[in-house]
Amino acid sequence: MQAGRRLAYGALVVLALSALLPPHLNGNWVHVLTLFFMMSSLAQAWNLIGGFAGYASFGNVTFFGVGAYACAYAMNALHWPFATAFLLAVVAGAALAAVLGWPILRLRGHYFAIATLGIAIGMQALVAELPPLGKGSGMTLPINSNFHFFYWSMLGILMASIALTAFIAQSRFGYALVAIRENEEAAAVLGINAARAKVFAWSLSAAITGAAGATYAYWTSFIDPPTVFDLNFNVLMIIMTLLGGAGSIVGPTLGAFILSAIGEYLGAQSVSPWHTVVLGAIIVLVVVLLPRGLMPYLTGNLRAFNLNALRAQLRASRV
Amino acid sequence: MVSATDRHHRLFAFLTGITAAAVLAAGGAAVLPQTAAADDVITFGAALSATGRDAREGALTKQGYDFWKDYVNAQGGIKVAGKMYKVDIKYYDDTSDPATSAKLVERLITQDNIKFILAPYGSSATFAASAITEKYQVPMVDPNGAAEAIFNRGFHYTFAILSPAKKYLQGILEVAQTLKPRPVTLAVLAANDQFSIEVAGGIRDYAKANGFNEVFYSEYPPDTKDVATLLTQVKQKNPDIILGSGHLQDSLLIMRAAKDQGVQSKIIGFSVGPSTPDFITSLGPDANGVMGGAQWTTALTYTDATFGSAQRYTKLFQAKYGALPDYHNAESSAACETFAAALAKAGDLDPGKVRDALAALDIDTFYGKIKFDSRGVNIYKPMAVEQIQKGVHETVWPADAANAKPLFPLPPWGKR
Chain A
1366 MQAGRRLAYG ALVVLALSAL LPPHLNGNWV HVLTLFFMMS SLAQAWNLIG GFAGYASFGN
1426 VTFFGVGAYA CAYAMNALHW PFATAFLLAV VAGAALAAVL GWPILRLRGH YFAIATLGIA
1486 IGMQALVAEL PPLGKGSGMT LPINSNFHFF YWSMLGILMA SIALTAFIAQ SRFGYALVAI
1546 RENEEAAAVL GINAARAKVF AWSLSAAITG AAGATYAYWT SFIDPPTVFD LNFNVLMIIM
1606 TLLGGAGSIV GPTLGAFILS AIGEYLGAQS VSPWHTVVLG AIIVLVVVLL PRGLMPYLTG
1666 NLRAFNLNAL RAQLRASRV
Chain B
248 MVSATDRHHR LFAFLTGITA AAVLAAGGAA VLPQTAAADD VITFGAALSA TGRDAREGAL
308 TKQGYDFWKD YVNAQGGIKV AGKMYKVDIK YYDDTSDPAT SAKLVERLIT QDNIKFILAP
368 YGSSATFAAS AITEKYQVPM VDPNGAAEAI FNRGFHYTFA ILSPAKKYLQ GILEVAQTLK
428 PRPVTLAVLA ANDQFSIEVA GGIRDYAKAN GFNEVFYSEY PPDTKDVATL LTQVKQKNPD
488 IILGSGHLQD SLLIMRAAKD QGVQSKIIGF SVGPSTPDFI TSLGPDANGV MGGAQWTTAL
548 TYTDATFGSA QRYTKLFQAK YGALPDYHNA ESSAACETFA AALAKAGDLD PGKVRDALAA
608 LDIDTFYGKI KFDSRGVNIY KPMAVEQIQK GVHETVWPAD AANAKPLFPL PPWGKR
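Order-wise, the sequence lines are chains A and B. Letter by letter, the first sequence follows residues 1366 to 1684 of the working numbering. Letter by letter, the second sequence follows residues 248 to 663 of the working numbering.
Calculated from the structure, these hints are not laboratory results. In this text, a Cβ means the ideal position worked out from N, Cα and C, and glycines have one as well. It is possible that part of the hints are untrue.
What the hints assert, rightly or not - Think about it this way: if two alpha-carbon atoms lie no more than 35 Å apart in a straight line, the pair counts; the simulated DSBU-like pairs of lysine-lysine are:
(1) K637/B with K1500/A
(2) K600/B with K1500/A
(3) K1500/A with K484/B
(4) K506/B with K337/B
(5) K382/B with K562/B
(6) K1500/A with K472/B
(7) K616/B with K506/B
(8) K567/B with K455/B
(9) K330/B with K618/B
(10) K513/B with K316/B
(11) K382/B with K337/B
(12) K316/B with K1500/A
(13) K1500/A with K562/B
(14) K337/B with K472/B
(15) K482/B with K1500/A
(16) K484/B with K316/B
(17) K484/B with K567/B
(18) K1500/A with K330/B
(19) K616/B with K600/B
(20) K455/B with K337/B
(21) K427/B with K362/B
(22) K1500/A with K662/B
To be verified - To give an idea of the chain B side of the interface with chain A (calculated C-beta under 7 Å), a few residues:
(23) T298
(24) K350
(25) T357
(26) N360
(27) F374
(28) A378
(29) K382
(30) Q384
(31) I444
(32) G448
(33) G449
(34) D452
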């Protein structure tokens, strides 16, 4: 984990420096990087529940949509400023995850995945029927053309999520999540309150996701259910995390960077449908050939899953 | 025996190699045809749906843009301030996603340095793109984003040449009022998205004010794959008129479900679908008798300086693509023509001046008159109604442009 944390600090430094970039970039690159920060944040958030606790959530996009709608409703109907609307979105995401997580996180494996998928689809359908939220027509938000603001906001969310992950990774809570992932019964025997740890992890994940959703809504100034509950977001969160390394600290951001770079490069080339095909093929190859993602290659931690190494690590960390 | 670590390293190298090869191949292919922008070329930009749910409509839009480009280039180009310019269009695929549309329009403006934007396909994408063109004060001409919400935000750089959404189905009820015995009861099915709800709202208001009796109204999810239960409910109400407000895929689903369940109305019509060639090829004889709101039809009698007339546009288009133009093609070509007229009027390539020229424009095109109100909506243009008769699109409304009488009432299923 030491090497992983050093990488995380390095990433935070690089990201902090990138805050200086916007005045020197054209609008296109500001846009591309803002989206990259957003997708990285979503992947970092997914990693907390999917990577650390081992619960593959196909419903995290729910919190993105709920955060976006909470922000839109607060700004549009209640005329709140963005800062408070943003806080509402964070709280709404976390609270919803806590309420849903209590029953849902008792399910394991496929059952949990399917249940979360159902929640994502159900929430989209529900929002599309609620008149105060504009039904299928969506909602508009006040226009803010200062796109640098969104760059810094998304960057802030990403840095906060990486710092949070680095903190969790060396905390009792983080080890509890890993223990749950490796063997939930054994974790319970060790005295870990698995239910509480999982719900807390999902709520943190949802808070970050909701924050990104709120910022996204204000940025695009128009949201509708298919856009913010788009399951593609969820699939991307998972693939980015897997590509970088699930359960690592900055793996999700690394994965997001690689996928965004490839997607950006291919998407910018032509209007042919081939760019999506090529991207799809790359994703398949990654999942098949790199089941543990890229992080182990960077941290020299290739044998981390070796039981002896894990034991040695745990001993060294004096949990 | 190879160790696990070695195998991982080898796979990693293999993967890196493949990725690099794919990226280089894609890059190489794209780099070759790129030439430096000459100063006698005006380049427009468009982010269109080449993939995703609106891929078909996006392709029709691109065809319309390209047809205009090739035609005017063959004529020597367009004239601005006494100088002839060739035209070019830079495209990206927005994958039918509004956020991607916005991103790519920003790329067109800030990375590719393009000053004139042709809108994406559809209301949601146009909505997203309009915020970007407004920010950069770059004019955008919109051929097929009809939701009025786009134009109620006080923007100054988006101009729509098409009729607004609420007019899409009105023509069909206008036709119905002329028929004997006059059909009265009405069922409306609407996709739950911004454009389709505006269309449905417009037609429901019109129906109420003009003595129609709405016996059924329902919204369905925009990406629905099954409308059977909806049609079951419609059948129980036995309406004279069934109107569907959605997109091409929805109209095909509703037609198939209506046939399966033997739902027999006197009129059936859709906001989007019947005008596309795909509607007839997908449904065969079952497409006969279906009405569609159309932004434009080949029978209309408008004339202009570029293509001559709607008929000549049709002939040229058919000669090039081997198919009749549908209204998406026509409105897309007309959007380009509108841009060219504004450029000529401005006599300048400055986006602000072209924007002002667009705002003051008042021209005839093969597609209809074009003049914008202060919101950027074309105030002149009426909608037409097409009906498919014997596998061919016939114009049945407005009466002065009609080339066929309405087929009424609809023959029973199996005899269409």
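Comparing the hints with the structure gives:
Between K637/B and K1500/A the CA atoms are separated by roughly 39 Å; this puts the pair beyond 35 Å, and the hint is violated. At roughly 39 Å between alpha-carbon atoms, K600/B and K1500/A are farther apart than 35 Å, so this suggested pair is violated. Using a Cα cut-off of 35 Å, the hinted pair K1500/A and K484/B holds, with the two alpha carbons roughly 26 Å apart. Taking the CA atoms of K506/B and K337/B, the gap is near 43 Å; set against the 35 Å cutoff, the hint is violated.
Pair hint K382/B plus K562/B does not hold up; C-alpha atoms about 40 Å apart against a cutoff of 35 Å. For the hint linking K1500/A to K472/B, the alpha-carbon distance of about 19 Å falls within 35 Å, and the restraint holds. Restraint check for K616/B and K506/B: the C-alpha separation of about 39 Å exceeds 35 Å, so the hint is violated. Annotation: proposed proximity of K567/B to K455/B is violated, straight-line Cα distance about 45 Å (limit 35 Å).
The straight-line distance between the Cα atoms of K330/B and K618/B is roughly 25 Å, inside the 35 Å bound, and the hint therefore holds. Proposed proximity of K513/B and K316/B is contradicted: the alpha carbons are some 42 Å apart, above 35 Å. With a C-alpha separation of about 20 Å, the suggested pair K382/B and K337/B falls inside the 35 Å cut-off, and the hint holds. The suggested pairing of K316/B with K1500/A is violated, with an alpha-carbon distance near 39 Å, which exceeds 35 Å.
Of the pairs offered as hints, the one joining K1500/A and K562/B is violated, with about 43 Å between alpha carbons and a cut-off of 35 Å exceeded. The hinted pair formed by K337/B and K472/B meets the criterion: a straight-line CA distance of about 34 Å does not exceed 35 Å. Between K482/B and K1500/A the alpha-carbon distance is near 26 Å, which keeps this suggested pair within the 35 Å criterion. With a C-alpha separation of about 49 Å, the suggested pair K484/B and K316/B falls outside the 35 Å cut-off, and the hint is violated.
Of the supplied pair hints, the one linking K484/B and K567/B is violated, its CA atoms being roughly 46 Å apart against a limit of 35 Å. Restraint check for K1500/A and K330/B: not satisfied, since their Cα atoms lie roughly 51 Å apart, outside the 35 Å limit. Under the criterion of a C-alpha separation no larger than 35 Å, the hint pairing K616/B with K600/B is consistent with the structure, at around 21 Å. Distance restraint check for K455/B and K337/B: the Cα-Cα separation of roughly 45 Å exceeds the 35 Å cut-off, and the hinted pair is therefore not satisfied.
Taking the CA atoms of K427/B and K362/B, the gap is about 53 Å. The hint is violated against a cut of 35 Å. With a C-alpha separation of about 40 Å, the suggested pair K1500/A and K662/B falls outside the 35 Å cut-off, and the hint is violated. Restraint check, T298/B versus chain A: the minimum CB separation of about 5 Å is within 7 Å; hint holds. The interface hint given for K350/B holds, since its Cβ lies 5 Å from the closest Cβ of chain A, which is under the 7 Å cut-off.
Below 7 Å, beta-carbon pairs count as interface contacts, and T357/B has one with chain A at about 4 Å; its hint therefore holds. At about 9 Å, the closest approach between the beta carbon of N360/B and any beta carbon in chain A exceeds 7 Å, and the interface hint on this residue is violated. Interface hint at F374/B: satisfied, since its Cβ lies 5 Å from the closest Cβ of chain A, which is below the 7 Å cut-off. A hinted interface residue such as A378/B counts as satisfied when its beta carbon comes closer than 7 Å to some beta carbon of chain A; here the least separation is about 5 Å, so the hint holds.
The beta carbon of K382/B is positioned within 7 Å of a beta carbon in chain A (closest approach about 4 Å), and the interface hint is therefore held. Checking Q384/B against chain A by beta carbon gives a least distance of about 10 Å; that is not within 7 Å, so the hint is violated. With 7 Å as the threshold, the beta carbon of I444/B comes within range of chain A, its nearest partner Cβ sitting at about 5 Å, so the hint holds. Because the beta carbon of G448/B sits about 10 Å from the nearest beta carbon in chain A, more than 7 Å, this interface hint is broken.
For G449/B, the interface hint is violated, the least distance from its beta-carbon to any beta-carbon of chain A being 14 Å, above 7 Å. A least Cβ separation of about 16 Å between D452/B and chain A goes past the 7 Å threshold, and the interface hint is therefore violated.
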